[in-house]
Each structure stands twice: as C-alpha cells, then as structure tokens.
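Visitor: The chain contents come next:
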Amino acid sequence: QKEVEQDPGPLSVPEGAIVSLNCTYSNSAFQYFMWYRQYSRKGPELLMYTYSSGNKEDGRFTAQVDKSSKYISLFIRDSQPSDSATYLCAMSASSSNTGKLIFGQGTTLQVKP
Amino acid sequence: GAGVSQSPSNKVTEKGKDVELRCDPISGHTALYWYRQRLGQGLEFLIYFQGNSAPDKSGLPSDRFSAERTGESVSTLTIQRTQQEDSAVYLCASSTERDSPLHFGNGTRLTVT
Numbered sequence: 007q008k009e010v011e012q013d014p015g016p017l018s019v020p021e022g023a024i025v026s027l028n029c030t031y032s033n034s035a036f037q038y039f040m041w042y043r044q045y046s047r048k049g050p051e052l053l054m055y056t057y058s059s060g061n062k063e064d065g066r067f068t069a070q071v072d073k074s075s076k077y078i079s080l081f082i083r084d085s086q087p088s089d090s091a092t093y094l095c096a097m098s099a100s101s102s103n104t105g106k107l108i109f110g111q112g113t114t115l116q117v118k119p
Numbered sequence: 004g005a006g007v008s009q010s011p012s013n014k015v016t017e018k019g020k021d022v023e024l025r026c027d028p029i030s031g032h033t034a035l036y037w038y039r040q041r042l043g044q045g046l047e048f049l050i051y052f053q054g055n056s057a058p059d060k061s062g063l064p065s066d067r068f069s070a071e072r073t074g075e076s077v078s079t080l081t082i083q084r085t086q087q088e089d090s091a092v093y094l095c096a097s098s099t100e101r102d103s104p105l106h107f108g109n110g111t112r113l114t115v116t
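Quick note, the sequences are listed as chains B and D, same order.
Under our numbering, think of the first position of the first sequence as 7, with each following residue one higher.
Under our numbering, think of the first position of the second sequence as 4, with each following residue one higher.
Just so you know, these hints were derived from the structure itself, not from any lab.
From a predicted model like this one, the values you see are computed outputs, not experimental measurements.
Ideal Cβ positions, reconstructed from N, Cα and C, are used throughout, including at glycine.
There may be inaccurate statements among the hints.
[To be verified] What the simulated footprint calls covered on chain D by chain B, stretch by stretch (three residues with Cβ under 8 Å from a Cβ of chain B suffice, anywhere in the stretch; the number is not a length):
1. 16 to 22
2. 71 to 82
3. 104 to 115
[Claimed, not checked] The calculated label-pair distances, taken between Cβ atoms and stated as ranges, are:
4. D:Glu88 with B:Ser100: 44 to 54 Å
5. B:Asn28 with D:Gly43: 14 to 24 Å
6. D:Gly62 with B:Arg83: 32 to 42 Å
7. D:Asn55 with B:Asn28: 32 to 42 Å
8. D:Thr16 with B:Asp13: 28 to 38 Å
Given the sequences, and given the hints that come with them, work out the whole structure.
Guide: Structure (structure tokens):
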C-alpha cells in the first residue's frame with residue numbers, strides 16, 4: 007500500500023463547476039500538507055500549504071485537512087479552463103526537513119469551456 | 004533568472020552511458036532537492052542538500068546515482084551506466100530554509116534507449 011493515495015482521474019468538468027480533489031494517507035506522523043499544480047512539461051508549482059488540521063482558503067482554492075480521517079482535499083470554485091492541469095498532493099512528517107515530501111500520483115483535471 | 008533552472012531540458016542517451024543533470028537553484032536558497040517523476044506517477048524524493056552537505060540521500064535508488072553541490076549553489080545529479088528504467092523527468096527544487104515550501108524547476112526529461 008502506498009503512503010499517499012490519489013485518484014489519478016482524469017477528471018473532466020464544465021467551466022464554472024466546483025472541483026473536489028482528494029488524497030488519503032496512512033502515516034499519522036504527517037503534519038505538513040501541500041497541493042501543487044503541474045502543467046504539461048512544467049515543474050510543480052505550490053498552490054496551498056497547510057500545517058496540521060483545518061481549512062485554508064486562497065481565492066478560488068480551499069484546502070482541507072482532516073488528520074483524524076487521514077484525508078485531505080482541495081476545492082476549486084468557479085473552475086476555469088486555465089485550471090486544467092495535474093494536481094499533486096504532498097505531505098511531510100519532519101519539522102526539520104519539510105522538503106522531503108511524499109507525493110500522491112496526481113489527478114489530471116480538464117475544465118471544458 | 005528568478006526561478007530554478009535545469010539543464011538540459013531533454014536528454015536522450017543510450018543504455019550504459021553516463022549522464023549529468025544540472026540544477027541552478029534560486030539565488031540565496033540554501034536547501035536543494037532532487038526528485039524523480041516517472042510517467043503518470045507522483046514525485047519520488049532522491050536527495051536533499053543543506054548548503055553543500057547532503058544530510059539525506061535515502062532516496063537514491065542505487066549506487067549508480069550520485070549528486071553533489073558546490074558553492075552552495077549549482078548541483079549536479081550523475082547517473083552512471085544508465086538503464087531503461089532510469090527514464091523519467093528529474094526535477095530539482097530549492098527553498099530558503101529547510102522548512103519552507105519548495106520551488107521547482109521544469110525538470111530534465113531523460114530517455115534511455
């Protein structure tokens with residue numbers, strides 16, 4: 007069993023839809039949770055960064071962490087064609103090296119105009 | 004340049020040859036990471052540098068893989084006697100401190116024929 011599980015999709019939605027992306031994990035030591043967006047042939051770019059449980063909102067993006075269920079989510083409101091990309095969840099246990107991330111497989115999202 | 008720069012962007016090599024991949028981190032970033040991304044997969048951690056030292060090289064898949072960093076700047080990842088299973092995108096990332104979010108380059112796409 008992988009430490010982090012993510013549905014690879016692909017996920018196709020119409021423009022304006024609310025998108026929900028999810029990851030589950032098995033390591034209860036994970037404390038730092040991130041979502042990255044990766045366009046084709048580009049490096050991942052950080053979207054959201056949260057520590058421990060709770061919600062964080064940034065514009066059209068909301069990240070949720072439920073440590074009791076070992077489940078994290080990213081919601082995208084009013085999705086746009088420019089949101090079409092692969093979304094990777096990532097997490098880390100170490101407070102001294104949060105760059106050593108465990109990534110999910112990535113979910114490919116297509117937003118159709 | 005403001006971002007992490009990697010070269011070459013693409014590399015095709017024959018099985019058994021050695022390759023060197025280069026990473027120029029963001030100026031002033033003391034932490035540097037190498038990750039590998041196989042087709043349709045999430046990122047796998049390879050090695051972490053803090054300054055010129057590598058306190059965590061636990062992700063290097065075999066002794067054919069090595070990396071170094073000089074001048075607390077440029078890093079090179081060397082793969083000796085390449086195998087077909089080494090084909091992947093090799094991503095470099097840097098951060099200001101060990102607990103800061105990562106900034107990724109666009110990667111080197113390595114194809115071993």
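Visitor: All the hints need checking, so say for each whether the structure fits it.
Guide: Status of the hints after comparison with the structure:
{"no.": "1", "hint": "16 to 22", "verdict": "violated (count 0)"}
{"no.": "2", "hint": "71 to 82", "verdict": "violated (count 0)"}
{"no.": "3", "hint": "104 to 115", "verdict": "holds (count 8)"}
{"no.": "4", "hint": "D:Glu88 with B:Ser100: 44 to 54 Å", "verdict": "28 Å, violated"}
{"no.": "5", "hint": "B:Asn28 with D:Gly43: 14 to 24 Å", "verdict": "18 Å, holds"}
{"no.": "6", "hint": "D:Gly62 with B:Arg83: 32 to 42 Å", "verdict": "36 Å, holds"}
{"no.": "7", "hint": "D:Asn55 with B:Asn28: 32 to 42 Å", "verdict": "39 Å, holds"}
{"no.": "8", "hint": "D:Thr16 with B:Asp13: 28 to 38 Å", "verdict": "34 Å, holds"}
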